[in-house]
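2 protein chains.
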Amino acid sequence: MTQQNKAVVRAVLDAALAKGRKALTAPEAKLIADAYAVPVPAEALAECADEAVALADRIGFPVALKIVSPQIVHKTDAGGVRTGLATAAAVRAAFTSIVSNARAYDPAAEIKGVQVQQMVPAGTEVLVGTVTDPTFGKVVAFGIGGVLVEVVKDITFRLAPASRDDALSMLDSIRAAEILRGVRGGAAVDRTALAELIVGVSRLAADFPEIAEIDLNPVFASADGVMAADVRILLDPQPVKPRRTYSRAEILTSMRRLMEPRSVAVIGASNEAGKIGNSVMRNLVDGGFPGEIHPVNPRADDILGRKAYKSVMDVPGEPDVAVFAIPAKFVAAALEETGRKGIPNAVLIPSGFAETGEQALQEEIVAIAERYGVRILGPNIYGYYSTWQDLCATFCTPYDVKGGVALTSQSGGIGMAILGFARTTKTGVSAIVGLGNKSDLDEDDLLTWFGEDPHTECIAMHLEDLKDGRAFVDAARATVPKKPVVVLKAGRTGAGARAAGSHTGALAGDDAVYDDILRQAGVIRAPGLNDMLEYARSLPVLPAPKGDNVVVITGAGGSGVLLSDAIVDNGLSLMEIPADLDAAFKAFIPPFGAAGNPIDITGGEPPSTYEATIRLGLEDPRIHALVLGYWHTIVTPPMVFAELTARVVAEFRERGIEKPVVASLAGDVEVEEACQYLFERGVVAYPYTTEKPVEVLGAKYRWARAAGVLG
Amino acid sequence: MTQQNKAVVRAVLDAALAKGRKALTAPEAKLIADAYAVPVPAEALAECADEAVALADRIGFPVALKIVSPQIVHKTDAGGVRTGLATAAAVRAAFTSIVSNARAYDPAAEIKGVQVQQMVPAGTEVLVGTVTDPTFGKVVAFGIGGVLVEVVKDITFRLAPASRDDALSMLDSIRAAEILRGVRGGAAVDRTALAELIVGVSRLAADFPEIAEIDLNPVFASADGVMAADVRILLDPQPVKPRRTYSRAEILTSMRRLMEPRSVAVIGASNEAGKIGNSVMRNLVDGGFPGEIHPVNPRADDILGRKAYKSVMDVPGEPDVAVFAIPAKFVAAALEETGRKGIPNAVLIPSGFAETGEQALQEEIVAIAERYGVRILGPNIYGYYSTWQDLCATFCTPYDVKGGVALTSQSGGIGMAILGFARTTKTGVSAIVGLGNKSDLDEDDLLTWFGEDPHTECIAMHLEDLKDGRAFVDAARATVPKKPVVVLKAGRTGAGARAAGSHTGALAGDDAVYDDILRQAGVIRAPGLNDMLEYARSLPVLPAPKGDNVVVITGAGGSGVLLSDAIVDNGLSLMEIPADLDAAFKAFIPPFGAAGNPIDITGGEPPSTYEATIRLGLEDPRIHALVLGYWHTIVTPPMVFAELTARVVAEFRERGIEKPVVASLAGDVEVEEACQYLFERGVVAYPYTTEKPVEVLGAKYRWARAAGVLG
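So the protein sequences, as listed, match chains A and B.
Going by our numbering, the first sequence runs without a break in its numbering and finishes at 711.
Going by our numbering, the second sequence runs without a break in its numbering and finishes at 711.
There could be a bad hint or two in this list.
Rough simulated footprint, nothing fancy, chain A against chain B, three-plus residues with beta-carbon under 8 Å [unchecked claim]:
no. : stretch
1   : 58 to 69
2   : 88 to 96
3   : 149 to 161
4   : 404 to 416
5   : 518 to 524
6   : 657 to 668
Here are the in silico distance ranges between beta carbons for each label pair [to be verified]:
no. : chain 1 : residue 1 : chain 2 : residue 2 : range
7   : B       : P481      : A       : G604      : 52 to 62 Å
8   : A       : A273      : B       : E651      : 25 to 35 Å
9   : A       : A108      : B       : R58       : 30 to 40 Å
10  : B       : D286      : A       : F592      : 24 to 34 Å
These are computed hints drawn from the structure, not numbers from a lab.
Just so you know, these numbers come straight off a predicted model, no measurement behind them.
Note that the Cβ used here is the ideal one computed from N, Cα and C, for glycine as well.
Bound conformation, chain A alone:
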């Protein structure tokens, strides 16, 4: 936009804000639309019926008439709209009726006049709008418009300002995408014009922070172009407080010292069993941390046999981390000392800050930390694990199964669920981190680190909010091409209570913005806690798929049907088997078995049939992923199936052929041992479910698509 255009908008906004108004009138909105090249109908304000007729003559019949009053927002409700007025007499009658309706609707309303408007050419009714999201800031929306907009709920969101590519991708992201491309002989809409409109509206919102919402509904889109029949602009003078940010290099430097420390101080270390400071010390020692562990306690000479210091200032060397295990009221003083000592990381286990209403106390410690350049993890957390360092800086129990998944949780309870699940499933973990109140360090800092950490192959995060949605999106975009990021967003259903000021605003509630923006950041969203845990356990186990062709090989026809359902549910593609491959599979299975896909080898087959068909599935380069359905029989017992499958997969892996293989085992309880055996050998296997293995495969595919590693 030119400076001149921006000045027009600025003047309109300033005038409205000066009067304390939260909504622009239609004529004001038109001035802004014109400045940002938003196509709207020709129109003018009439103050009497004669003037309305004259204006209609100039604009050209038919016209629409609409009441103009700052107090009347829902014009239709007020009887303030008439359309399709084709004659002077009709315009005159409509003017009188609209004004008297408006007076009856709200006797106190100031009536500025009646807008005379060009009738909009027919087309597909779409919606273009923006909202100010509490997490992501300015967000642009596009979807199907019209009166059914909140029923259809076919809408997609992007961060504003949106690029032209963003805008074009929005046209393909709604369910009704084919309508825009033209169906049943209808013409396709002008995609370029529509994309330009989206870009322009998104820039308008981004350029002016005080524009809270823009709502263009309906916009009529046709082969001839686009025109917004109604433009609503809502204002909010509240400035957004900027957040302190760190550079990527700064984050990596302090995060490396946090996650790979050589020396840890424990402030509040204790010899007394049951105290948090005792548990933390024990876990550090019992966990086998090979670096220095320095207890700090003014009333003890040694803790668990290690020399204790009166103050963290007295600790020798340069500790990388100070773990706080002292009551909230003592934190500020100890944090001052930590800062003076030059320790870059404070892990604040204590509660009693913002989560109990002590917001001021939290702000005080954040200010201290910022003054000294100390990064805070917490407060109100269980601590953290860095397993490859044998570091258990937590009051929970130690965990030592090293592996590829880094898990974080905002809530301590969820942290305990992570620990129990990991232990019972023997999940290999690189880190478990409590985030608690997130007064400073948060998900984007951790993502930045885990993205670089060579031990971490997958990151799974439980979160209830994001302190800075855009920083998270940036960190996710940088990380996803390297490794999957799984997010469990709690509090999905709470946003519904948002008061809706516009169609766009109403549609932006209920978690829709989070969902769209996280997806575009390439994040795999877990629908629930157990899904997050299972994705975390499974994704590092599976190799990345190199193409879309999924083949089901099953001993149980019934499992094959359910696995096919799951494949469709998870957006995967059942491969259409070419004739030569079909014949090759058929050669291994009984005549009444079914080739095609699922390949039903039938229930009574020996291990050799499973092996031959799995081999073929791995061998043929046109097949990209295998879903196995096992049926427990005397002929092929569970562990026999598990052993042969693991052996064949390993053999191909040695030959450099790696494809994701997942399995559903239907059988008596021996299948549980078989699943664990398979899991430990790179085959994601579950008993008593046809859904979970395919859901996990679907998550891997979602990541592969987002990361751009697929075909």
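Given the coordinates of chain A, work out where chain B should sit on it, guided by the hints.
Then chain B, alone, in the frame of chain A:
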């Protein structure tokens, strides 16, 4: 409808069918619409432009013109429609253009003329239609109509003919229900007229089996009434083959002898380990069946120490069941003997019938069975278990945990998954039944029996199809008021391939009809295998809720948020806590804990806080169900929580206060033992998931609503 009206329809249909046509022309459809009081625009056929102008004059301007040709089904595609023609000149020009467009579109099409039609008054565009569903027969559809119909997919189905109450319930069953009731100042539609239209259309389809589909889209519904702008009727001369049916009394008589037999014959019993006839004998004996077990084998004198008979004819007494463990080719002869012996039930384990393409062989044995009045279970099954009779008539392993759930599966593999899941979770079972090819006995027979069986408190069925959807609906409706019926419908996603002849037809694919009709029958549909198994395990454990108020009591705030999400996802209501109750809860929890709902008692609390708040939740009559979130701490270890919860629930149960209580346990692996302990004591508890306990509670509520036991 009067006989005269029906005769009009009959004549139109017969004439079209005689010419081999599959679609009616618009004038034919209008005749039928008029006969069944379906409001359609005034119209007439014009064969030349002059006639069109004259007709438009009579009907009144503006009018619409539409091409009439049996070969042109999609008129718009052919350029065969013009609307809003307001003058004689416009009508004349449109006539010429439509005819030449149609000629260009399909030079071979026979052009009957052009329909001149009254323009339909404005209103909400809805769709009314019918399809012939392969499972449920004639089904009526209602939903949002218009060009976006297949994008919006806001449609609901009922069995045809629909009652007036059915039709009115349809208006409330779509997402856009509020649109029909009038929003933003719009007037509500005429519900009576709309319901009458739905009833009339459903009767039309039911009265004439050869009407395959009816599609009224759009129907304009307004405060002034309804009018169908377009009526499409598709024909299918195929008669539906009626199925043999049995009376309820007949079903109960033979099912009682099947499920509570005193004497069982095993045809093909064997001493040879590894043979199915050996496994079946072993399981009957090892399972402890106290009735008579008679092996039948022409080449043995005794089997497992019991006297063997050459033929089932030689077996003493009146066996209730003959279990077949012989190859398919010998079944017919043995079934003849079974019939002659007067044995009412043949359990056909062998495969090699319809499932391997041997349809004729299957029809042969069905004919034999019908001749003798023998009911067949199978063929192609693993057999069945009737645990309260200690009866394991199967080649799988015995199962002896008696309890309240009856499980059936169409597939053997799923049967094995049922067995393994039940064993590992110690699920109490009344029966497990394989249904296989369902050549005779099917889900509705079993439902009828299990509905009466006092041991059975819940029925869970895996099925891939229903042989007779209406019989199943009848059986389900009779059973659901007594006990929950859970269905896992496999092959959900396959129906999408159905060729769509109309909007209604397209919308009836993708499992939508199954979903709607099963819901109206009161069935709880499980989204996947694991869900079905968990519902089966849990529903008999939980008492029925007596009202909608669900309260969450949690030690982990993070779990509380996720449990609240799950409550919304499962259609449950988080109770709004009245002030006095809020104060009562607050008295038990720390000042920084949160009352309200979830009630966050905070993580560090002792057992007494859990106990006091759970007691209050059970005591207060305004609360109807409890969802507990447990957080593993040293202060309240998992088994302490489990013991206190089970004790308090039992104490209230003894006082006659029973409410469903479910729990999510977040913690280290000890929570697994705690969950099993709770489950065995009537509290549905899961580790590492906040979703499953609430999903199960949601299933119980769905049943309670369907059964009419809720408030």
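Taking the hints in turn, this is what the structure says about them:
Evaluation of the coverage hint for the stretch 58 to 69 of chain B: breached, as 0 residues show C-beta separations to chain A shorter than 8 Å, against a requirement of three. For a cut-off of 8 Å, the count of residues in the stretch 88 to 96 of chain B with a CB near a CB of chain A stands at 0, and the three-residue condition is violated. Under a criterion of three residues with beta carbons nearer than 8 Å to beta carbons of chain A, the stated coverage of the stretch 149 to 161 of chain B is upheld, 3 such residues being counted. Evaluation of the coverage hint for the stretch 404 to 416 of chain B: fulfilled, as 7 residues show C-beta separations to chain A shorter than 8 Å, against a requirement of three.
Counting residues of the stretch 518 to 524 of chain B whose beta carbon lies closer than 8 Å to any beta carbon of chain A gives 0, which falls short of the minimum of three for the stated coverage. Remark: the stretch 657 to 668 of chain B is confirmed as covered by chain A, as 3 of its residues place a Cβ nearer than 8 Å to a Cβ of that chain, reaching the required three. Checked against the given bound of 52 to 62 Å, the beta carbons of P481/B and G604/A, roughly 42 Å apart, lie outside it. Remark: the range hint 25 to 35 Å for A273/A to E651/B is upheld by a beta-carbon distance near 34 Å.
A hinted range of 30 to 40 Å for the beta carbons of A108/A and R58/B is inconsistent with their spacing of about 51 Å. Separation of D286/B from F592/A is about 32 Å and conforms to the stated range, judged on CB atoms against 24 to 34 Å.
Checked against the numbered hints given earlier, the structure breaks hints 1, 2, 5, 7 and 9 and satisfies all the rest.
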